[in-house]
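Top to bottom, those sequences are chains A and B. Read left to right, the first sequence gives residues 1 to 921 (our numbering). Read left to right, the second sequence gives residues 1 to 155 (our numbering).
Heads up, none of these hints are tricks.
Cross-link-like lysine to any residue pairs, in silico, SDA-like; alpha carbons within 25 Å at most:
| hint | chain 1 | residue 1 | chain 2 | residue 2 |
| --- | --- | --- | --- | --- |
| 1 | A | K580 | B | L93 |
| 2 | A | K432 | B | E92 |
| 3 | A | K580 | B | D49 |
| 4 | B | K80 | A | H592 |
| 5 | A | K580 | B | I43 |
| 6 | A | K432 | B | H46 |
| 7 | A | K469 | B | L57 |
| 8 | A | K469 | B | I78 |
| 9 | A | K469 | B | H46 |
| 10 | A | K469 | B | H79 |
| 11 | A | K432 | B | D60 |
| 12 | A | K580 | B | L57 |
| 13 | A | K580 | B | D60 |
| 14 | A | K374 | A | P334 |
| 15 | A | K469 | B | G59 |
| 16 | A | K309 | B | D60 |
| 17 | A | K580 | B | E92 |
| 18 | A | K580 | B | V69 |
| 19 | A | K469 | B | D77 |
| 20 | A | K580 | B | C148 |
| 21 | A | K469 | B | K80 |
| 22 | B | K80 | A | D590 |
By construction, these hints were calculated from the structure, which means they are not laboratory data.
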Amino acid sequence: MSDEDQEIIDEFVIESNEHLSHVETQLLTIESNGDNIDVDLVNMVFRAIHSIKGAAGFLGLVKINDLAHSLENILDQMRNCELIPSSQIIDTMLKSSDLLTTMLNNLDDTEQFNISDLVIALDAIAENKAVSTNAAVESGQADNDQTAEPITTTNDQTPTETAAEVIPQESELAETIPAPTNPTTPKIQEQEPMTAGNNETPNSESQVEQNIRVSVSVLDQLMNLAGELVLSRNQILQAVSNSKDSGLDSAASGLDQVTSELQEAIMQTRMQSIGTVFTRFTRVVRDLGAKLNKQCHLDIEGKEVEVDKTIIEAISDPLTHLIRNSMDHGIETPEERVAKGKPAEGHISLKAYHEAGKVQIEIRDNGAGIDPAKLKAKAIIKEIITADQAEQMSNRDIVRLIFHPGFSMAEKLTDVSGRGVGMDVVRSNIEKIGGSVDVDSEVGVGTKVTVTLPLTLAIIPSLIIESSKSRFAIPQTNISELVRIRKEDLGKRINHVKGAEMLRLRGALLPLIRLNHVLTHEKVISINEQSESEINSRDEVRNIVVVESGQGRYGLVVESLHDSEEIVVKPLGRHLLDCKCLSGATILGDGHVALILDTPGIGNHANLELLNEQSEYDSEHNESTVDKVDTHSVLLFTNHPSEHFALSMSVVQRVERIETNQIEVVGGQELLHYRGTSMPLFRLENIIAAMPLDSVPDRIYVAIIEINGREVGLVAPQLEDIQDVDMVVDTVTFVEAGVVGSLVIDQHATRLLDVFGMIEKVKPDWFTSTKSEAIQEDRDNPITILLAEDSDFFRRQVKGFMEEAGYNVIDAEDGAIAWNIMTSGEYEFDLVVTDIEMPNMNGFELSEKIRATAAFSGMPIIALTSLASDEHRKHGEAVGVNDYQIKMDREKLLASIQRFTNTNSHSNKRAQQNNLVTAGV
Amino acid sequence: MSNESTKKSTNSLQLATFYLNDLLLGIRIENVQEINRQLDCTIVPHAPDYVQGVVNLRGDVVTVLNPKVILELDNTDIHKGSRNLIINSEGELIGLCVDRVSDILTIPKDQINEPPANLKGIDGRFFKGIHQLESEVLVLLNIDEIICSTTAEFA
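Chain B on its own, in the form it takes in the complex:
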């Protein structure tokens, strides 16, 4: 969060992009700690349904979330292309299980438009903006909302 406010000097954003089903999403590269294939989760009984499980990330136990459940998208099984996007959120590492990792894109800020209130049935509060690529739309994900709203809801 603090990154966003301090990085006013640059006029463009670097986004790590990935797919959830056929929806292209991006989050700021600063938020991403690493991307790995570690999705052999230990299932946590009694955990909320959007928690995929926990994994061992070099000695830390990391909670892996399923963003599809949070965004109420069609849920599909983990496949060969699935990746674990490790996000550093308020000092805690949290994994996001995504379908396919795409490019890292640099996008000028002025080409990011206000998000619609509702996109393909997903609540607009999860988006920060959208950007029109040549062939498709890139949606800028509000990662704090994804991670924090779930905890708030749960607490």
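Just chain A, same shape as in the assembly:
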């Protein structure tokens, strides 16, 4: 028998014994209630016996299973009030429960026990249920005789004395029972516990030194006292360090050491190896495999990792759900797997390990993975995210949406998962115990879910902070970092967005919550009032604790930071349960109580205050995505292995892997034979200052780009990655025609290519049409374009190529500035080109304003975006955007500009505009 099995069995024995110890008293109560059946109580016994039956069946303990089954039948009838419990019936049931106990404690040899008589007796009771009470008494007596006899024989066969002790009493009882009178009932009650006591004595001897079951409340009390001892020790150490008595000194250091060890040992009593949860999954996977017709193997690693009992209990359900999910949605059927070229048998690995004072649990499967495109579409339909947001999100973030409330990943509800217990419940259950959960998935390769848990809930490392002259504890698990802002950086780091404070942190904008406001402002206060006081006290912002909560990260502004301490968590009394910003209390080294802050609660509280002005809250959110406007999806590749290049994904139609023998050279131009046509192929080294490929591989990648309706290929020999990168572009160092600048990606200087510039360099004639016409159109009165774009880089780029095409371009850093320029009347614009995500006023808002103003109602608007999506387009159309173009696709944008400026003959329009102005509109 493997250790694993032994562990399960040990657990089964402990658990079943616990059940049975209650069953005895419960049965006696049922008996004393007589025909006044307490259904709840019977149900309780039923469940206890049922779970023993289930576990025994699983472990192949046939006899226990059978006996429990017969017992269960009777209980079932009782709870349906089909059977009135009489003393005889209860007798037989008690005997059965005794025998169950005996067998449980001699699991190695359950065969020696004879259960058939009891089973017969029990079944007879079950069958005679319809008989009237009197008849039942008689038959009950008969049963009793039956049972009494054979068990005596059992006794002869087995060395167990327990049965022997039970029997004489049983027989006595059987005699008194036919006329059940009141006095007999208490007699039974007195005797039965005795027999039970006798019953257990011989068995407990055999395993007394192994385990002692101690109630958790005793352990909690010990923990409490140990915590107190630590406190007293600290005070003594402090007092001793001030005195000069050397004898006291050594005594104190002894006390110190013992106390620490004691505390540790008591902590240890609460620790259990995570294997107790893990081992059951082997069976879960096996059973699910059979049910779903899937083959899967579960690998378990790190069973020995120990965590607090409370945590073990709390993670069991979430882990089960995750494993079920892996089986149900992750692992494919063997046929599908084989078709995909994977081994027919799937693989799930479950791994626990310690990392940085926390426990990590990894559930990794090699199944189908999560398709971000599907998820994205679903999230938009369910209105969890807007199309705008979806566009800005990385695939990883999209996959993380499965933890969003109201998101069921299953396309159809199945029996296995999708029972309404979504991944959001998994997440909230894990967060409840101070843990976190993350997911990473690759389509076709598999999914990895990582659960991070604290080691213990009883003692948690926390940061002590001060605010409003009180000290508070923040659990370290909630803290992602501490930020201290120098006075001179305040203006730079703290931004105000319509009264909400935001912290600029490595390119992200985090909402700030001032703890003293949260703590003192009980009621909802108006946003203006709040913002004003915030602005006034702006200079105070110094220490910011960046915390992670379910809703995301935010910065908590505190007055000062104290030490980090290991705190013992104490619950708050019942009068304080409604303080959602607090999760408990602790006692600090000096004996004072400090409250523990609940960071998700504070997040909710702060949002509540903003609820009155939903738009404020929205703009805050928009604001936090603003920085993502600066990120851009690029294709990273190398030509010569030491030279890195990036190409905007927005211009790449697709990437193909080709064999080099598909390339043909015609008249000095390389052509790629491809899908029946040939497409011109360009190599970097022929166009810009780049080293050629150092070898000639059999296969290379080609990025396919469309230029004025024709497809061309750019050789990108070695693909590295597709990444969302911050557009922090150095537009000086490497700039040449075809290279817009450089940026550092993964520590490599990477040149960002302008594919149109490159092609134009070698094939200028491909571009003449768009250019010359624009210039010719209006030499003396150039077309004026208003460009609203918040990213410096893109603004320069777009403005650059529009000016190059002969347009007069006025640029604005956001929608609000653009609007001001428009309404100032300083310029007369023919066309507006606007980015969508911008701070203060976004492109949609700007378009709405323009359309709502009669003077500009005919103004063509082209919206720019990193990646155009249909949802975007619809929203844009609704607010009056005329066209959508991709930022880096300069040819299409120029063509579009040309189209709008031609169709709307601008001289006409300008006249019209003037008329309107003179008319005083």
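Following the hints, put chain B in place on chain A, whose structure we already have.
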């Protein structure tokens, strides 16, 4: 609560008496776990106004209530004579901040009269009875009502 029903054998009650402003109140001594001077409370943000704060009672975090707020009496600051009356209520220790602790009195049950529906403007439901002393009236406080009604109201 269970104490009250089982202690029928004795004919008198032992009361711990104390003042809230100048009102003399008593609660059964069985309900009182201890009396201390620990009133250096940690203020709990967002707590209901009748919660004075929490204190450390040998390792337990105990909620301290301000009965004056509950009884809608004039609220005064904590002073030198203030004491923390620790009550054991349904297994939880709860502190009551009182102005001055007076004697422990043994009062025959038959000398306790039904409380009036309203006493000095305080709702009668908070009282169990009154007893006339030589110079003043002792009011028997319904401690369960004080502690539980607040939670019920709050929940």
